[in-house]
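Visitor: Single-letter residue listing:
Protein chains: 2
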Amino acid sequence: MPVRVAVDAMGGDHAPAVVVDGCVEAARALGPDVEILLAGPAGDIEPMLRERDAGGLSIRVLDAPDVIAMAESPSTALKSKPRSSIHVGLAACRSGEADAFVSAGNTGAVLAASVVVLGRLAGVSRPAIIGYYPTIRSFALVIDVGTNVDCKPEQLVQFAQMASIYAERVLHREHPVVGLMNVGEEPGKGNDQAKAAYPLLESAPGIRFRGNIEGRDIMQHAADVVVCDGFVGNIMLKLGESIATEVPRMIAGEMARQQMSEEEKAAVVRALKGVASRFDYQEYGGVPLLGVNGNVIIGHGGSSARAIRRMVEVAADLVREDVAGLITAAMQPSGTPA
Amino acid sequence: MPVRVAVDAMGGDHAPAVVVDGCVEAARALGPDVEILLAGPAGDIEPMLRERDAGGLSIRVLDAPDVIAMAESPSTALKSKPRSSIHVGLAACRSGEADAFVSAGNTGAVLAASVVVLGRLAGVSRPAIIGYYPTIRSFALVIDVGTNVDCKPEQLVQFAQMASIYAERVLHREHPVVGLMNVGEEPGKGNDQAKAAYPLLESAPGIRFRGNIEGRDIMQHAADVVVCDGFVGNIMLKLGESIATEVPRMIAGEMARQQMSEEEKAAVVRALKGVASRFDYQEYGGVPLLGVNGNVIIGHGGSSARAIRRMVEVAADLVREDVAGLITAAMQPSGTPA
Chain U
1 MPVRVAVDAM GGDHAPAVVV DGCVEAARAL GPDVEILLAG PAGDIEPMLR ERDAGGLSIR
61 VLDAPDVIAM AESPSTALKS KPRSSIHVGL AACRSGEADA FVSAGNTGAV LAASVVVLGR
121 LAGVSRPAII GYYPTIRSFA LVIDVGTNVD CKPEQLVQFA QMASIYAERV LHREHPVVGL
181 MNVGEEPGKG NDQAKAAYPL LESAPGIRFR GNIEGRDIMQ HAADVVVCDG FVGNIMLKLG
241 ESIATEVPRM IAGEMARQQM SEEEKAAVVR ALKGVASRFD YQEYGGVPLL GVNGNVIIGH
301 GGSSARAIRR MVEVAADLVR EDVAGLITAA MQPSGTPA
Chain G
1 MPVRVAVDAM GGDHAPAVVV DGCVEAARAL GPDVEILLAG PAGDIEPMLR ERDAGGLSIR
61 VLDAPDVIAM AESPSTALKS KPRSSIHVGL AACRSGEADA FVSAGNTGAV LAASVVVLGR
121 LAGVSRPAII GYYPTIRSFA LVIDVGTNVD CKPEQLVQFA QMASIYAERV LHREHPVVGL
181 MNVGEEPGKG NDQAKAAYPL LESAPGIRFR GNIEGRDIMQ HAADVVVCDG FVGNIMLKLG
241 ESIATEVPRM IAGEMARQQM SEEEKAAVVR ALKGVASRFD YQEYGGVPLL GVNGNVIIGH
301 GGSSARAIRR MVEVAADLVR EDVAGLITAA MQPSGTPA
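Chains as they are written, first to last, in my numbering: chain U, 1 to 338; chain G, 1 to 338.
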């Protein structure tokens, strides 16, 4: 039986065209092992599939006539538009019609709707979103970069456990190393939250904790999994994204100041391009929302067809590797359900 | 009467030679308007001054025979070594023999000793350290980047007020714009601390609050003064420092991968160098510790003679502009001392 991935056809700045393109690409690449359920207004989506000659592909449409705008309030949209593509896609996951859900729509809406519709996995205190941070070696996973802006130390431990499972099963990192985001290396360092989290991380099962890491350590790949609350994670992630836009701007100013020749400028631009792509979220496709009772991948609003395709692939991996099942098991180390 | 700046001759990785060099440079540049009081073992420092032909310069030695190592615990060092250069320099400030203190020594030790020896300014809840963050335009001031890892919202307001005074008087930024570090632009966003700080900043006197700013906004110079607790500030600052080391490493890897010619590599390195210098703390010299009852500039351990010289200049500006007096006045908006 194929893995069935529901995709939010209306999610993203370039939806639905780019989403349909990405799904067609994914279906061509993945073949019958994956069935794509495209959630969106059938009257719009079906002609688009015909235009793209998608007749023989493993794609079908889940009719979802309501549309949530990027700027709409997540909390009200969910209630007022029960037949939105987000809701229909998630409802398919809950009913068992789909195994995973993928969206490049309003992150807040997808996150809120996922928690409401799917609920949390047993024992999980707070679902969390992973962010990718480029490093000298590859990239690190930062968790949480979502809405958990005030966290209890125990929640940081769960983040570490969930992200370690994802890193190991989906990204194939063997024994991923966990670092606690902090202001110094020594165990006694940090704010109240970090000081309390340190000993809990030290004794937590299922993770390989290496201790505190500092701001300068992330890009040096001091850890595969970087644990922090969503306030710190969100700030770091957006700071990192701005490296890819602001450093090239600074360099452009420098090239003008130095009156570089066209050949020299071309060389600089070429070198920068290779590095900037490492900061490009499209390479990663999307990020998992871990801890909900289901498999959810959330993409950037600006996702390209390639990014949508990557998101479908990663969603299928989440299902095949049973990441949700492994997280549930990790949350009950003593065998007692929460 | 000259401004008298006490300098920790033993502070920094290359002390005392580099510190003495920097003081000689400063004395030559600043002339008799500034008197430098070099705190260190007189038996070591005096011959060094003679070697550098400093006889006619406005420099004298404050004998401080005890030496605190970079790795020593700040709290124990202060007690066990009362005649260290840090203690002697700060004691000169307290007694009125000096107007300011400059050190590139152990930051924790200097910070702790400054608070203990000088005390806080009336009304100041927590002294704080400013960090410089390079932006597309110039640089932003991040406050706190020090030890205030858990902060009350009221303390963030004081940070904003203190840094605004420093930006205006010492850096000559007219009406510096204050931004609250947060995860979204809207007023309701953030963790409990940020949500509570927002309305307080809105109504605080003496600052120009523009609202929340996000991680991606700092390098775009969305604010002159970026307010956050020392946990977030320290992580951001170190992340920023690592841009200057890790991005060039990534680019070097990219140049090798692309098999660039020597000429092309030279162009890339030249362009990078101009930008990397913006991330170089030596350009800024040192950072002020605001809110203590005195004028203190703390430098990086690796400070060069040029950085030491800049620190002396900035310390003299702190004194001339009466930053401490202006901060004290700002802390008592209603005329009631705290």
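For the record, the hints were derived by calculation from the structure and aren't laboratory data. From a predicted model like this one, the values you see are computed outputs, not experimental measurements. Where a beta carbon is used, it is the ideal one built from N, C-alpha and C, also for glycine. Just to be clear, a hint being listed does not mean it is correct.
Short, incomplete list of chain U residues facing chain G, as computed with Cβ under 8 Å [claimed, not checked]: (1) V3; (2) M48; (3) L49; (4) R50; (5) E51; (6) R52; (7) V183; (8) Q220; (9) I243; (10) M250; (11) M255; (12) Q259.
Visitor: Against which earlier hints does the structure fall short, listed by number upward?
Guide: 1, 2, 3, 4, 5, 6 and 12
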